[in-house]
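A.B. asks: One line per chain: the protein sequences are A and B, in this order.
So the first sequence is numbered by this note's numbering: it starts at 1373 and just counts up by one.
So the second sequence is numbered by this note's numbering: it starts at 284 and just counts up by one.
A portion of the hints provided could be inaccurate.
Cut-off 20 Å, straight-line C-alpha distance, at most; resulting in silico cross-link-like pairs (PhoX-like, lysine-lysine) [what the hints assert, rightly or not]:
no.: 1; chain 1: A; residue 1: 1534; chain 2: B; residue 2: 599
no.: 2; chain 1: B; residue 1: 459; chain 2: B; residue 2: 370
no.: 3; chain 1: B; residue 1: 370; chain 2: B; residue 2: 321
no.: 4; chain 1: B; residue 1: 599; chain 2: A; residue 2: 1737
Short, incomplete list of chain A residues facing chain B, as computed with Cβ under 8 Å [unchecked claim]:
no.: 5; residue: 1502
no.: 6; residue: 1505
no.: 7; residue: 1507
no.: 8; residue: 1535
no.: 9; residue: 1537
no.: 10; residue: 1548
no.: 11; residue: 1550
no.: 12; residue: 1639
no.: 13; residue: 1749
no.: 14; residue: 1753
no.: 15; residue: 1763
no.: 16; residue: 1768
Because the hints were derived from the structure by calculation, they are not lab data.
Every residue, glycine too, gets a C-beta built ideally from N, C-alpha and C.
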Amino acid sequence: MNSILLATLVLFAISSFYFGRSKIKKVALVRSIEPKALPKFYGYYQALWCSIPAFLIISFWTFFEPIILKNLIESRIQSMSLNELSKDELNLIYSQIVSFSQGTFTGQISNGIKSGVETYQSLLSVSQGAKIVLFFCAIIIASLFSFNQINKNVHARDSVEKIFTIILFLSSAAAILTTIGIIVSLLFETIQFFTKINPLDFFFGLNWSPQKAFMSDPANMTAQEAKDLREAFGAVPLFAGTAFIAFIAMCVAVPIGLYSGIYLAEYASNKQRKWGKPIIEILAGVPTVVYGFFAALTVGPFFRIIGENLGINVSSESALAAGLVMGVMIIPFVSSLSDDVINAVPQSLREGSYALGATKSETIKKVVFPAALPGIVGSILLAVSRAIGETMIVVMAAGLAANLTINPLEATTTITTQIVMILVGDQEFTSAKTQAAFALGLTLFVLTLILNFIALRIVNKYREKYD
Amino acid sequence: MTREQRLKKRYTAEKRFRLMGIGAIAIAIFFVFLLLLKVFSTGSTAFVKTTIQTEVDFNKELLELKDVANPNIEQIKSAEFFDVTYKAATGLFPYSNAEEEKDVKQLLSGNYELEIKNYLINNPDALGKKVMIDLTASDDLDQLHKGNFPRDIPEDRRRLNNFQLNIYDNLLEQGKIKTVFSNYFLFSGDSRDPEIAGVAGAIIGSFFSIIICLIISFPIALMAAVYLEEFAPKNIVTDIIEININNLAAVPSIVFGLLGLGMLLGVFGLPRSTALVGGITLSLMTLPTIIIACRASLKAVPPSIREGALAVGASKVQTVMHHVVPLAMPGTLSGTIIGLAQALGETAPLLLIGMVAFVVDVPSVPTDPSTSLPVQIYLWSESAERGFVEKTSATIMLLIGFLIIMNSLAVWARQKFERKW
Chain A
1373 MNSILLATLV LFAISSFYFG RSKIKKVALV RSIEPKALPK FYGYYQALWC
1423 SIPAFLIISF WTFFEPIILK NLIESRIQSM SLNELSKDEL NLIYSQIVSF
1473 SQGTFTGQIS NGIKSGVETY QSLLSVSQGA KIVLFFCAII IASLFSFNQI
1523 NKNVHARDSV EKIFTIILFL SSAAAILTTI GIIVSLLFET IQFFTKINPL
1573 DFFFGLNWSP QKAFMSDPAN MTAQEAKDLR EAFGAVPLFA GTAFIAFIAM
1623 CVAVPIGLYS GIYLAEYASN KQRKWGKPII EILAGVPTVV YGFFAALTVG
1673 PFFRIIGENL GINVSSESAL AAGLVMGVMI IPFVSSLSDD VINAVPQSLR
1723 EGSYALGATK SETIKKVVFP AALPGIVGSI LLAVSRAIGE TMIVVMAAGL
1773 AANLTINPLE ATTTITTQIV MILVGDQEFT SAKTQAAFAL GLTLFVLTLI
1823 LNFIALRIVN KYREKYD
Chain B
284 MTREQRLKKR YTAEKRFRLM GIGAIAIAIF FVFLLLLKVF STGSTAFVKT
334 TIQTEVDFNK ELLELKDVAN PNIEQIKSAE FFDVTYKAAT GLFPYSNAEE
384 EKDVKQLLSG NYELEIKNYL INNPDALGKK VMIDLTASDD LDQLHKGNFP
434 RDIPEDRRRL NNFQLNIYDN LLEQGKIKTV FSNYFLFSGD SRDPEIAGVA
484 GAIIGSFFSI IICLIISFPI ALMAAVYLEE FAPKNIVTDI IEININNLAA
534 VPSIVFGLLG LGMLLGVFGL PRSTALVGGI TLSLMTLPTI IIACRASLKA
584 VPPSIREGAL AVGASKVQTV MHHVVPLAMP GTLSGTIIGL AQALGETAPL
634 LLIGMVAFVV DVPSVPTDPS TSLPVQIYLW SESAERGFVE KTSATIMLLI
684 GFLIIMNSLA VWARQKFERK W
């Protein structure tokens, strides 16, 4: 349906373009006036007027028709049924109605649903009819209006460019829309989660075992079930695991990344830079799932074998393996960022230090490094936020059991691992378990947002200082 | 301490510092090589498969085609192949009891019946004759032949028992076991059996996602970058948009997966597990990256170009569209390709929107359920069979190959069309 309308719209728009272009020529000729813009702008003008209102109507319908229909049908089902239906049951009935009227539903349906299907189809046909009528009205009215405007010899280029600028602005607002989308979708589920689970239990609880949380009817829940539910979603082990693995990763990435960044910026010859930098940056281009594979199949077993030989019990999924590999992944991040900030330190500082007789390493340690420190701290913060948000390595190599431990040889779990574990596979949106994943996601989002915000501010402030 | 001693100490410190720098780079490069070595050494064998030359008797009687003089393809397709395939599989080696019969049959892949059938469909002349066909061997025999299974461990810890090993040695001696290019790995969909599992579905799924990502993110990103660089007034709205884009670029990818799950699947009801939703999610994720790259390349166009265009009477929009954007194209293109390469390697958001389903069929449109290359890597690396390890590595080789191609394309685009101002 929509594709036919869109095709019609495109046809109308194209013909409008030629119409508008020839119209202004005729107007100019008949009234012997000079058009205020090139003829093609009148073509664009006519085409835009013809298509934008109609396109808005189609988009509006596409987005809101299902939602409105759903509400109408559901309220009708609710009023028809004898007892109160839950949201899930309503959803199920509605989806049955929709799939039956689209002909994709196979199986028996009850009489109640049959009448629902009839209502749905009549509502749908009303809505579709209204859409088509409005669509053509919009095309006709808008075309007549712009036709009139062309007759008056308006400045078409100004109007066209104004619309163009508005479209540009809307594209850049897409980023804001994305952020709003993220916040809304996370917040919506999280708030529902916090109506079931006390936020204090979530943020300060020490026991994470969502599989225990069977949501039976809240009204007749036994005391034991309620207790289980309250104690199932303590996220502290996840926060601790995330911080712990990120810490191990930073222990690997910061020294190696920093030293290689310093070497590349200060010591390396042009040739060494030309070869060294891209090779290190390969590490940044490798997909994280590859690191996960590497951690799970090479590094993890390697540590276990070493542990066996030393008589230590090392689990094959360990925080150490995940952290180490994550550190390797972050090396190029730290190294190229610190390379940049070190290069931004003015040469005069170095020359001043050399003039006092300092060696190169002394200059770096006592002059360049302190001068670059804010930038380096900023880049390390960015690296930390990346380590916290990293998913695949920990999913594949860090384990699933939520242990509250500081032993790097044991399995630990992280925020991202648990989000994946909960949401992969079938899930229902109303269960506390699913909503817990969104709550974790929101925590992660806010956490990384704060880190990034601070880091970007530090880096920018520092940049301004030497510009 | 004398002056000389102090100087010597300082020079030693200098040397030590330098060595630590070299050491850090060496460690980083060592990791690169270790990673690539591991992947390439385990993955390269997945491109070949092991076959067993088997005698197949396309007996008309067994095929129940006795009454047909010249059977056409349709009749061959509907013929009864059970007896023929059974005889072929059990005829590999003489056995004495039902247990051993099963052992013999298990040396062939789960797909051997179909292979025999397809052989006859492609070579109808073989009807009524005895022919030797190279049938795909089972995963266990394949891994043994490739040297991935040790033979000298106790029988109960081996995937193949002594009887099967004996058959293998026997067949090997007769020269019936061959290693050929695997037609399954690159050209078929996923399977539970490693020897016939392939990445075609994942490649197509990735392709669809990336194309959708390109269609959505490139125009929007370019227009957003043009607005912010050329038109945006310096006010609070612009500032908010800019801060927002910079922060969005650093949001963990899994959060975009939650967005896709909550918004695209939950609110808009788009089909789950499809490349369409995957592509949209990835495009939202890469949008900020591409915007930042496009802005940088627009910024690199010197103001003299704009001033020249404005001086001869072009409007602001004409200046930008006719001069600035075309001149910035190499940079925007290479930025886009790099953004897409990042999207190609992304796994976590796709897991959340359900692209981890076990999909046997190769998708034909973006609304079919599918996986993508990185997700296939994840799926196979979680599988227990040894045969999937080499498949995983080989898929990584493919993925890295695609990434290298895309990145070289980006470098090429920039160098080929770049202008020095």
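A.B. asks: Hint by hint, say whether it matches the structure.
C.D. replies: Outcome of the hint check:
| no. | hint | result |
| --- | --- | --- |
| 1 | A:1534 with B:599 | holds (11 Å) |
| 2 | B:459 with B:370 | holds (17 Å) |
| 3 | B:370 with B:321 | violated (42 Å) |
| 4 | B:599 with A:1737 | violated (50 Å) |
| 5 | 1502 | violated (21 Å) |
| 6 | 1505 | violated (25 Å) |
| 7 | 1507 | violated (21 Å) |
| 8 | 1535 | violated (10 Å) |
| 9 | 1537 | holds (6 Å) |
| 10 | 1548 | holds (6 Å) |
| 11 | 1550 | holds (5 Å) |
| 12 | 1639 | holds (6 Å) |
| 13 | 1749 | violated (16 Å) |
| 14 | 1753 | violated (10 Å) |
| 15 | 1763 | holds (4 Å) |
| 16 | 1768 | holds (6 Å) |
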